[in-house]
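We have chain A; now place chain B onto it with these hints.
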Amino acid sequence: MKIQVEITRRPGLRDPEGATAARALRDLGFTSVSDVHFGRSIVVEVDGDDRDQALTDVEDMCRKLLANPVLEDFTVEVLD
Amino acid sequence: MSEPIHRQLGMTDGEYDAVVGILEREPRPAELAMYSVMWSEHCSYKSSRAWLGRFPTEAPWVVVGPGENAGVVDLGDGWLAAFRIESHNHPSFVEPYQGAATGVGGILRDIFTMGARPIAVWDPIRFGSLDDPKNRYLFSGVVSGIAGYGNAVGVPTLGGEVEFDDVYAKNPLVNVMALGLLRREQLVLSAASGVGNIAVLLGAATGRDGIGGASILASASFDEASAEKRPSVQVGDPFEEKKLIEACLELYDRGLVVGIQDLGAAGISCATSESAANGGMGMDVDLDRVHVREADMTPGEILMSESQERMLAIVTPEDLDVVLALAAKWEIDASAIGTVTAGPQLKVMHRGELVAELPAASLSDDAPLYHRPVAVPEYIETAWATEVELDLRDVPNVLLQLLDDPAIGDASWIYEQYDHQLFLNTVIGPGHDGSLLRIKGTDKGLAVSTDGNGRRCYLEPRAGSARLVYEAALNVAVTGAKPLAMVDNLNFGNPEKPGVMWQFTESVEGMSEACEALGIPVVGGNVSFYNETDGVDIFPTPVVGLLGLADPMPQSPPRLDRAEDGMDLWLVGDDERDGDLAGSAVARVLGAPHVGRPASPDPAAARSAVETALALAHVAPVLHDVGRGGLAVAVAEICIRSGVGCDLMEREASSWFEESPHRLLVATAKEDGPPAASAKRIGTFTGTNIDFGTHGSVSVADAASTWRQAIPRRLH
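From first to last, the protein sequence lines are chains A and B. Under our numbering, think of the first position of the first sequence as 1, with each following residue one higher. Under our numbering, think of the first position of the second sequence as 81, with each following residue one higher.
Any given hint might turn out to be false.
Simulated DEER-style distance windows between Cβ atoms [said to hold, decoys possible]:
no. : chain 1 : residue 1 : chain 2 : residue 2 : range
1   : B       : Ser636    : A       : Glu45     : 53 to 61 Å
2   : A       : Leu65     : B       : Ser444    : 39 to 47 Å
3   : A       : Arg10     : B       : Pro109    : 18 to 26 Å
4   : A       : Ile42     : B       : Thr766    : 56 to 64 Å
5   : B       : Gly94     : A       : Asp27     : 49 to 57 Å
6   : B       : Asp484    : A       : Asp27     : 52 to 60 Å
7   : A       : Gln53     : B       : Asp246    : 34 to 42 Å
8   : A       : Thr56     : B       : Asp211    : 24 to 32 Å
9   : A       : Arg51     : B       : Ser444    : 56 to 64 Å
10  : A       : Leu65     : B       : Gly773    : 51 to 59 Å
11  : A       : Gly12     : B       : Asp246    : 47 to 55 Å
12  : B       : Tyr217    : A       : Arg51     : 24 to 32 Å
13  : B       : Arg87     : A       : Arg40     : 38 to 46 Å
14  : B       : Val616    : A       : Gly12     : 31 to 39 Å
With a cut-off of at most 25 Å between alpha-carbon atoms, the simulated PhoX-like pairs for lysine-lysine come out as follows [as the list claims (entries may be wrong)]:
no. : chain 1 : residue 1 : chain 2 : residue 2
15  : A       : Lys64     : A       : Lys2
16  : B       : Lys520    : B       : Lys322
17  : B       : Lys214    : A       : Lys64
18  : B       : Lys250    : B       : Lys214
19  : B       : Lys322    : B       : Lys409
20  : A       : Lys64     : B       : Lys250
Computed footprint of chain A on chain B; a stretch qualifies when at least three of its residues, placed anywhere within it, have a C-beta under 8 Å from a C-beta of chain A [claimed, not checked]:
no. : region
21  : 174–184
22  : 281–291
Rather than coming from a laboratory, the hints here were simulated on the basis of the structure. In this text, all values refer to a predicted model and were calculated from it rather than measured experimentally. In this text, a Cβ means the ideal position worked out from N, Cα and C, and glycines have one as well.
Bound conformation, chain A alone:
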């Protein structure tokens, strides 16, 4: 089973990478850009067919390793 993890910076936290991209986009003429937010996408493949268990496990993996809960939020979903 494949679990899709989306990791985004927690709202309100500074995002220098996004701010730099936004500035560069405006310099390129995309004047409508007001902000850019970077995140990460991860796919975890797990054995077994208990979807709820798999989601719980991957959430735990996010808290312990894949995401930095101090700076980042995450969502998990099963890819079909």
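Okay, now just chain B, sitting in the frame of chain A:
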């Protein structure tokens, strides 16, 4: 029923009443926010101020003493050095990478606020045992944070020091010292002057970073609930800082600023009130002019935000357009947010409404001052009545255990992550007693050493703290630099405990006595209290940062790797002392009870050691301060680094590990004879073994591999 707001902000009822007294009315929410941060322990030094006046702060070469953003000393020929030390302990526990990174950013701003270009950074850091994965996470995160920010902003990190002890497990210590260089005419101070002058906020947009960080993170102890404090974490942006450094240095060069202040703890509240108060003026501030990251921020949030990489410059109205154009050239945002007034009021407007009006100076000058109770803690009597007992007869084996200790072993795992050659000024980099930097275009060199020893200070805060000054002085002297001035970072537990205040007052006294003995003024410092977790305080851990001037710099300064086969090894200094195992590295490494009373240092011997080192630095190939782990470790360090063995003369087993102060090892060519009148020959470099005679021997190769693996083997 919920707590009153002032208590949620960390203010006592008495402090709240004092605010009401100053304003002669109930404070508005934004005003309460400002007082709560500015009167926090972190900003106001309310528990320590009463004692800090003890430090000697004057000398003919002191240009700026404590109280400004950094201390400044005169190096001669128009050169000045600005330096400062700060802690970022609590933020680094919450988020090690960003906590350490923003610590570097903050200290650099303190340096270029004075008009100086930052030229180097040092990081004394302390963690719990590396056997615990959480400590490994904190340790590696902090080291990458320092490297990530320092390397990217383009300022070399020349080392520091590291200690591991479980007392720091839930409260790591992350101190950072920075040094900058400037010409005398470039010196800038923070005071705002000139009615009608404009306050310009330069740099990053203001967001909800570290809201209340100073009062909430730095001034209260941690417990399990602190996970909820996470959203206040600050995120650093070294490239923004680099642009800010260059923009500010150009502003100074072109004479465009009247005064300037960096934004750190308490953000805009602190910068506007301090610039106004330092100039004896007032200021009108319009928060709608502040460039913000989120539109819905409250006035209190804008005032308290600790967003990184921001500066507040005071400029004349005529120069405003030029300043804004210069900022645009460096791609940094700039907004005119205020106007200097005759004072004394600081008036803050938001969306057409008056949100704060208070005497600017009251935020700093009227801050509470506490004479907290002081009492000798209970552990002292027992500790002092007990002798340290250790079996040290197997000298080679004990030495290997010491070399395997991550605080003594090779620190290159740490400093290889740091760029320590940027600017190409580094003459002696990390891994030696002290660092040495050349001042380009002159014969002068600047040396720095940072020193701390929490375990010894716990057993004897006065003697332990005095020894830090003497050790740092010797560490810079072996590079050929005369000790010039000092900064200190006083990391202590909860000051509301009389025992912690005793540790603090004894420590201040010890450092002051040592500074007086060597004629070293203290030009700045930082106090970090409330380093306790779940009611357990850290060891009292003052860290000193000492600056020395070598003028001229030795042609070929001593190094640890220049011993050669056939050279003699000499010991300078008295080692016939008792009590030098208490608080020692060997007692810790062998797991002995943490007891004993460390012996006091000897000011006359300290002066003589420094003078001897200064003279020998110009002639000796190897000159090494005997520090952690005593003689055995000091000898092994030379043998490992030089790749040569040493036949050592007989001495009592324990004397190889005692940490008597004021001692130097010197290697000289055989024909040169004794390097000093008091020098005793203790061995000859030869072969491939460190040979302790009847105590046995260890091969340099084994010693080296143990020493090299001390940190890496615990991380992988």
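Each hint, compared with the structure:
no.	hint	result
1	Ser636(B) - Glu45(A): 53 to 61 Å	holds, 60 Å
2	Leu65(A) - Ser444(B): 39 to 47 Å	holds, 44 Å
3	Arg10(A) - Pro109(B): 18 to 26 Å	holds, 25 Å
4	Ile42(A) - Thr766(B): 56 to 64 Å	holds, 58 Å
5	Gly94(B) - Asp27(A): 49 to 57 Å	holds, 54 Å
6	Asp484(B) - Asp27(A): 52 to 60 Å	holds, 54 Å
7	Gln53(A) - Asp246(B): 34 to 42 Å	holds, 37 Å
8	Thr56(A) - Asp211(B): 24 to 32 Å	holds, 30 Å
9	Arg51(A) - Ser444(B): 56 to 64 Å	holds, 59 Å
10	Leu65(A) - Gly773(B): 51 to 59 Å	holds, 52 Å
11	Gly12(A) - Asp246(B): 47 to 55 Å	violated, 35 Å
12	Tyr217(B) - Arg51(A): 24 to 32 Å	holds, 31 Å
13	Arg87(B) - Arg40(A): 38 to 46 Å	holds, 40 Å
14	Val616(B) - Gly12(A): 31 to 39 Å	holds, 33 Å
15	Lys64(A) - Lys2(A)	holds, 19 Å
16	Lys520(B) - Lys322(B)	holds, 21 Å
17	Lys214(B) - Lys64(A)	holds, 11 Å
18	Lys250(B) - Lys214(B)	holds, 9 Å
19	Lys322(B) - Lys409(B)	holds, 13 Å
20	Lys64(A) - Lys250(B)	holds, 18 Å
21	174–184	holds (count 3)
22	281–291	holds (count 5)
Hint 11 alone, counting from the list given before, is not met by this structure.
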